[in-house]
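Student: So the chains spell out like this:
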Amino acid sequence: MRANPEVLILEDDAETLDELQTHFTRKRFHPLAARSASRALSLLEHNRYSSRPVLAIVDWDLGKAPDRSASSGDVLSRLARELRECAVIVYSQNIDAFNVRSQIQRSHPRALLHDKRDGDASLLERVDRMLDRTVGDLRIHDGTVVVHIPSLDQHHHREAIRLVVHHPDIVTFHSDTATKAVRRFGEWLTAHDSAVRLVSHGNRKYRLAVTVSEVPSPPDADG
Amino acid sequence: MGVSDDRSMLGVLAPDRGRSVLVVTDDGELAVAVRDTVPPAIALVRDARPGDAAEIAAACLPWPWMVVGGTPALTPEVTALLRDRPVLILWLGPLAAGLPADVRRFDRPAALLEAVAAACHADVGGMRLAPGSGVELRDGTLVRGATLEALVAAHPRPIALSSRSFHTVSGTLARHASAWQPQREGALVTLVPASRMAARA
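So the protein lines, in turn, are chains A and B. Counted the way numbering that gives the first Met the number 0 counts, the first sequence spans residues 0 to 222. Counted the way numbering that gives the first Met the number 0 counts, the second sequence spans residues 0 to 200.
Quick partial rundown of chain A residues pointing at chain B, CB under 8 Å, derived from the structure:
(1) Leu75
(2) Arg80
(3) Phe97
(4) Asn98
(5) Ser101
(6) Gln104
(7) Arg105
(8) His107
(9) Pro108
(10) Pro167
(11) Val198
(12) Lys204
(13) Arg206
These are calculated hints, taken from the structure and not from any lab test. Fair warning: this is a prediction, and the values are worked out from it, not measured in the lab. Ideal Cβ placement from N, Cα and C applies to all residues, glycine included.
Generate the whole structure from the sequences, applying the supplied hints.
Tutor: Structure representation (C-alpha cells):
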C-alpha cells in the first residue's frame with residue numbers, strides 16, 4: 000500500500016511557512032500547514048481518521064499568528080495525547096530558557112527541541128537526517144518508502160516509515176489497522192532476511208532492533 | 000506561545016506503559032537537566048509540580064521507574080506510591096516527609112545527574128535496561144517486568160521489595176537460567192550472582 004506521509008507544520012511567519020511547505024512537497028510529503036495553533040488543531044481534528052502525520056514541526060513562539068485563541072502548547076498537548084506515534088520537533092528563539100523547555104516538556108514530554116537562532120536551513124537539515132535515515136540494512140528514501148538495501152526492494156506503508164524514523168524508540172500505534180500494517184512490515188523484514196527485526200512490547204507498542212539475538216518473552220505478572 | 004490554562008489537557012498526563020522518570024520540582028529546572036541526561040530510548044521524563052505529581056505518576060504505567068525530587072513536600076498519594084512500589088528515588092536537598100528509607104539524597108545536582116545516568120546505563124552481568132521497557136538478559140532475551148527493571152537499575156544498591164514481587168523476579172530469573180538472583184536482607188533486596196547464593200546454601 001502506498002500512502003504518502005503527512006507532516007504538520009505550525010509556523011506563524013508566512014514566508015517561513017511557505018519555505019517549509021515547499022521543502023516537504025518536494026520530498027513528496029503532504030504538508031498540513033498552519034499559521035495559528037487553532038488552525039493546526041482544526042487540521043488535526045478534520046484529518047483525524049484519514050491522516051496521522053509522521054512528523055510535526057511546531058514553532059513555539061506564535062507572536063505573528065493571525066488567531067491567538069489557542070497556543071503552541073495546546074497543539075503539543077493534543078499531539079502528545081492523541082498522536083503519540085508522531086515525531087515532534089519544537090523550535091524557539093528561547094529554547095535555552097529552562098522555563099520554556101519545561102513548558103514544552105509538560106505539553107509534550109517526547110518533543111525534540113531545536114534552536115530557531117540556528118536558522119531554517121539547520122532545522123531542515125535535521126528533519127532530512129530524520130527522514131532519510133538508515134537503520135541496519137534499511138534506508139528511508141524520499142521520506143516515503145523503506146528500502147531494503149541489499150535487495151533494493153521497497154516497502155511503502157507509512158507505519159514502516161514511522162518505525163524507522165523513531166528507531167530505537169518504541170512507537171505506540173493507534174489502531175488495529177496500523178498494527179496489522181506493522182506486522183506485515185515485520186513479515187516483510189523476515190522474508191528479506193533483514194538485519195532489522197520488529198520487536199513487540201505488547202499493547203500496540205513496537206520498535207525495530209538491529210541486533211539479531213533478542214527474543215521477546217511474555218510479560219511478567221508484576222507489570 | 001505558552002500553554003493553556005486547562006492543565007488536565009497537558010501531554011505529560013497522557014498514560015503510557017513505557018519506562019518513565021517522574022521529576023517533581025517547584026519550577027521544572029531539575030527536570031530539564033534530567034531530560035538532558037536520560038537517553039530518550041531508555042525512559043520518558045515527566046516534569047511534574049507537587050500539585051500534579053500524583054496525577055502524572057498515575058499516568059506512568061504500571062508505575063514510575065524512577066522519581067527524582069527537589070521539593071520539600073509531597074502529597075500523601077505520591078509518598079504512598081513510593082512506599083508501596085519498587086521505585087528508584089533520588090532526591091536533591093532536604094527530603095520530603097514520608098519518603099521510604101531507600102531514597103538516595105544528594106546535595107549537588109551534578110552528583111544526582113550522575114546517579115541518574117548510571118541507572119540508565121546499568122549493566123548487571125549482561126542484564127541491561129531494554130529500550131522503552133523491560134530488561135535484556137545476557138542472551139538477548141527481552142523480559143518485561145517493572146520490578147526487575149528497578150533491581151537492575153539500582154544495582155548494587157538494594158531496594159525495598161514486597162515478598163510477592165521478590166518471588167516474581169526470582170521465578171523470572173530462574174526460568175531464564177540467569178546467573179543472577181534477588182537476595183533479601185530484611186526489607187531490602189538486591190541482585191547477587193546465583194553462584195554466591197548457592198555457596199551460602
